[in-house]
Amino acid sequence: MNLAAPSLDVAPDPTWHARLALDFQRRDAATILARREHVGPLRVQKALYPEGEGVCHAIVLHPPSGIAGGDDLHIAVKVDAGAHALLTTPGAGKWYRSAGPWAKQRLDFAVGADATLEWLPQESIVFDAARADMQSRIELDAAARFIGMDILCLGRRASGEGFDHGALQLDTRVQRGGQPLWLERGRLDGGSGLQASAAGLAGFSVSGTLLVAAPRIEPGLLAACRAVPLLESGAQCGITLLPDLLVARYLGHASEAARHWFFALWQLLRPALIGRDAQMPRIWNT
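Note that the working numbering has the sequence shown beginning at 3, numbered continuously upward.
Simulated from the structure, these hints should not be mistaken for laboratory data.
Check the hints yourself; a few may be wrong.
[Stated by the list, open to error] Below, computed lysine-lysine pairings styled on BS3-like, alpha-carbon distance capped at 30 Å:
{"#": "1", "residue 1": "Lys-96", "residue 2": "Lys-106"}
{"#": "2", "residue 1": "Lys-48", "residue 2": "Lys-106"}
{"#": "3", "residue 1": "Lys-96", "residue 2": "Lys-48"}
A quick note: this is a predicted structure, and the numbers were derived from the prediction, not measured.
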């Protein structure tokens, strides 16, 4: 029998399609990582307990270290009733320039009754000519709490690179019991006037958002947050309190300064809303 030799003419797919699914559950006084499934280059290596067994920390790893055109990443996290999980990343995310295809990342978070999820990734650097599509869906049960941070750096300012080509799409939805708390959609084209407009980014290259969803956020807590100073000269910020939701915004040129301000807010908000002091993830200092 003659067997044909395998063809080597088919080029491998240069894009990554990755999925990560995590399920955190409460066991007695502990939160455990009960399910961890992945396809492609998205990983959580182990559960960490720097605060004790009540809060499970996890570091989401993306070994390619950057997201290119055609890549499609999906992170699904479920925090069951009474559990508490904190997720972060080991370094800045990078969205590389694309010759045409969109790079996509979708976050699907579900937080059960009286549970807490803290999503505190390090900043995302969107290279010039990248085509980045970022979607987030957060579904909260009764009395669930969510703290989410997002810092975007457009271009690489230190290298003299702006964001003159490409596009960025953002789509964020936070719901409690199926009812929307926060809906935000936007698109920014590279080189558009929105980057310089006072109604847009006001000429800044770094923008950040902190979303804090919790029942009964007291007005006094808003006043305390508004008193937190900025480290970066000329940067702008704003904080708004909506029913069950606090929204903090940052505009500047330094991602480290943005992260410092958000961390200072977190130091105020976490004890008041969750009953735990804020401890900076150790990976942020490496």
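Item to complete: Decide if the proposed pair is consistent with the structure: Lys-96 and Lys-106, CA atoms, cutoff 30 Å inclusive.
Response: holds (12 Å)
Discussion item. What's the verdict on Lys-96 and Lys-48, does the C-alpha distance respect the 30 Å limit or exceed it?
Written reply: OK: Lys-96 and Lys-48 at ~23 Å, within 30 Å.
Worksheet item: Straight-line Cα separation of Lys-48 and Lys-106 no greater than 30 Å?
Response: Given that 30 Å is the threshold and the Cα spacing comes to 26 Å, the pair holds.
Consistency with the previously given hints is maintained throughout, with no hint failing.
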